Structures are given as structure tokens and as C-alpha cells.
Amino acid sequence: MANYLTKKDLRKCFLRHNLLRNADYNYETLQSGNFVYSLQPALEKVYEGQDDVIANKYKVYADLYESHPWLSNIILGLVIAFEAGRNPNATEDASKIRTSLMGLMSGIGGGLVKLVSLALGVTLANACIEGDIKLFGIVAGIQVVLWLVFYKLFIVAYEKGIFISRKKVHAFAENCMPLFYASLGLTAALVMNVSLPVVPVASGAVTLITICIVYMLSCKNVKSSYIVIGIFVIAMILGYLGLLG
Amino acid sequence: MLTSMQIGLIALYGFLYSVIGRNTKIIQVGSSILHGSVIGLILGNVPQGLVMGGTMYLMMLHLEQDNREDLSIAVMGAIVSGIVYGTDKGVVMGTALVALCMLINQLTGIAGSLVHKLQMNAIENKQFNKMGNYLITWNCLKGLILTLPLVLVMVSDVSSVLAMIPEGIYRGIHVAVSLMPAVGIALLMKQGDLKKNVIWLVGAFVLGVLFKEIGVVVTLVALLLAFKGGKK
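Chains as they are written, first to last, in our numbering: chain L, 1445 to 1689; chain P, 9 to 240.
Rather than coming from a laboratory, the hints here were simulated on the basis of the structure.
Some hints could be false.
[Said to hold, decoys possible] To give an idea of the chain L side of the interface with chain P (calculated C-beta under 10 Å), a few residues:
id: 1; residue: Ile1498
id: 2; residue: Ser1544
id: 3; residue: Ile1573
id: 4; residue: Val1588
id: 5; residue: Ala1632
id: 6; residue: Ile1653
Bear in mind that the values here come from a model prediction, so they are computed numbers and not experimental data.
Every residue gets a Cβ at the ideal spot worked out from N, C-alpha and C, and that includes glycine.
Chain L extracted, bound-state conformation:
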């Protein structure tokens, strides 16, 4: 299989993905604008001169996407690897793997950060309040190293991803979906527990009702931006009137 991409191309994709991750963060497609932009150097080299093909691929990747800042690099590496294979089904497979991995990676990344915060947070804060910055220096240093490790993993994901077969992609995506939905269920429970602590019982019900309403509206193809603005305005009014919060 021809390898169209050099390390320099991959580095360009990585830097775009990391430097502008939340640039056009929005409630309609979350971080997908950056994902499309990150793919540009790779896609335009692999499919050089085929603007229609590239545009269609961009449109697929412009669909909703969000993941953990560090681990999202792995997803990007895999997607580029699939596209670099120039397989006719590359975008379909890559999109499938992207959807099935984004929740999983968010969970792992968020869990990792939470674990470090739980284990070290109070000690770290107290040390700083007492004027000792050494521990923070070590923790910050570890995070910089981790960031570099995830750059390396991005390259590894690209190199390994080239050899992943279609069958494996579908099997993996199917196996990951329960995890994706379990992480959503767990996040919903956490949001319910912490979002509106002033009125915990009502807040739980309100969160659940909001999830159901938004899901039903999005199934009826109502634009996400309209849903977000609607929910925002209604919540502001209810909060202002003291009916919530």
C-alpha cells in the first residue's frame, strides 16, 4: 500500500488539531470544525486534485464530534490512516471508528485527569498555598510529557491504522457502542447530581426531561442551534423567575 503522507504532513495535522481544537466550538457540531480543518493537509495530499471527493469527505467529518484533548489525537491518527489507504469505504469506516471511540476516549481521558486530581489535588493546592511550587512543577512536567506521549501515540495510531481491516473496524465499532452509551448514561447521572445542587430533586428531573426533549427534537431534525438557543432562553427565564435554581 502506498504511503502518501510524510511525518511533516502528520505533524501539520497534529498541530492544527491541538492549536485550534475549540476554535469554532459550537452546540451544533461541537469540535467537528477543527477535526475537518485538521484533516486538510492529509486529505488534500492523498486525494490531490479531486476537490469533489475531498468536499464530500469534509461534509461527513463535519458531523458532531467531541473527545478528550489528549486522546483525541489517537482518533485523528486512525482516521488519517484509513483515508491514506484510499479505500473506497475509507470515510464510512473512519467515521464509524471515530464515533465509537470519541465517548470511550473522553471517558478514559476524563477519568485519568480526575484520578490525578483526586489523588494529588488537595496536597498540590496546600503545597502551593504554603509557597512550595516543587510539586506543581513535577505535576506540570508530567503533563507536558504526557502531551508529547500522545503525539507519539498519534503517529503510532496512524502507522498501525493503515493495517486495520474493514472487518475489524466493524467488530470494534460494535463492541465499543455499549461503552459509548454507558459513558453517556453515567455522564447524565453525574450531570444530574451536580448540575443544580440548590434543588437536587427537581434538578434531576429537569435534567432528564431536558435530555428527552432535546433527543426527540433532534430526531425530528430540528436544528441543534435552535434547540440550544431555545433551551438557553427558557432556562434563563425559569431561573430568573426563581422556578429553577
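Using the hints, position chain P against chain L.
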């Protein structure tokens, strides 16, 4: 009082953090301490900067929101006030700024949809290079907008301005911001085959509500998945 040079440097730090730090998120644990150190250095009082950074980090930990990027400017504002006027005033200022920063962040999220539309138009017209121009321009503009509360804290007595905002507005912002994650969850639910996986969604939700302890639930879900995999 702050000198123009100090105001300029802190504003520049806030802007650079909003433009680069929010995206790279290299420092996810203890970012408040980083802000405390840098702002303390600029103001020539690193020990007080560390006290404020550590205090804000503890507060964020307590709220389980230690790496929320939309609060970083509020934390910076609190640190500046804490160094200039003392820790108590800094904490009060930080709390007051949170609602304002959250509102600005929500509004930039809504405006982000427009930028995404411009990006999609560029794709439709095969002007791929324009995608990047829109993203970079909006990222810088957003950085300026997000830094505004920090500049206000430094150049005027924002507390009196913030005190003029009715409590109902704060409550409204708090409720609206609290409900936004629910919107995100609902939109993500549409991404896969919900019917086939509804049991996992409901199961993890029920376990999450019952145990309220993320570790327990993750372990239980992992065990169930391992059991399912083993049966296959």
C-alpha cells in the same frame, strides 16, 4: 494600584491562554496554580499569587470543575484581585465573575455555529483554504471577547458593576449553563444505534444515580462488558 505595563502583560497572558491554552490543554491538573504563578510574577508577588492560585484550585476541586476552561478567566480575575486587595476580596470577585464568564462562553458557543456555517459554505464552494482563515480569525476574536472580564477587573471596580446585575439574571445564567451538558448528551445519543444499546445507557445511568461514585460504576460496567465479551 496596577501599572499600565502590568495590566497589558496580564491581559496578554489571558488572551494567549484563551487563544492557545484553551485549545492545547496541556496543563489540565492545576491550571489555576499556573495562572497564580504567572500573574504573581507579573505583579511582583509570587507568594500571594500561589496562595490565590492554590485557593482557587481548591475551590474548583470542591466544585469538581478544576479543568473547566470557561472558568479560567474568572480564576485569573480572582487572582489579580486577591494579589491587589487580599485573598477574601479575590475569592468574592472570582465568584462574581464566574457567571459573567460562563455567559460569555455560552454566547461564543452559539456564535461558533455561525463560524461553522461559514466553514461549510467554504467547503461547498471548494474554497478549502478559507476554512482555516475563518477558524483562526474567530479563535483570535473569541480570545479577545473572553479576556474582556479580566481587563474590566483590572481597569475599573467591576464589583460595583457586577452588583448592579439583578440576582435573577445570575440565577438564570446558572440554570441555563447547568442544563447545557444535558443538551450535549441528548445530541450525542443520536450518534449510534440507541435502540440496540439502550440497556447500557439506562443501566449506567441508574448505577450512576445509585452509587454517585464514578469509580464503582465504571468498574461495574467494565465487568458487565467483560462478561458479555467472555460469553461471545
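Now the hints, each set against the structure:
1. Ile1498: Cβ of isoleucine 1498(L) sits 7 Å from chain P, so the hint holds.
2. Ser1544: holds (7 Å)
3. Ile1573: Because about 4 Å separates isoleucine 1573(L) from the closest Cβ in chain P, which is inside the 10 Å limit, the hint holds.
4. Val1588: holds (6 Å)
5. Ala1632: holds (5 Å)
6. Ile1653: holds (9 Å)
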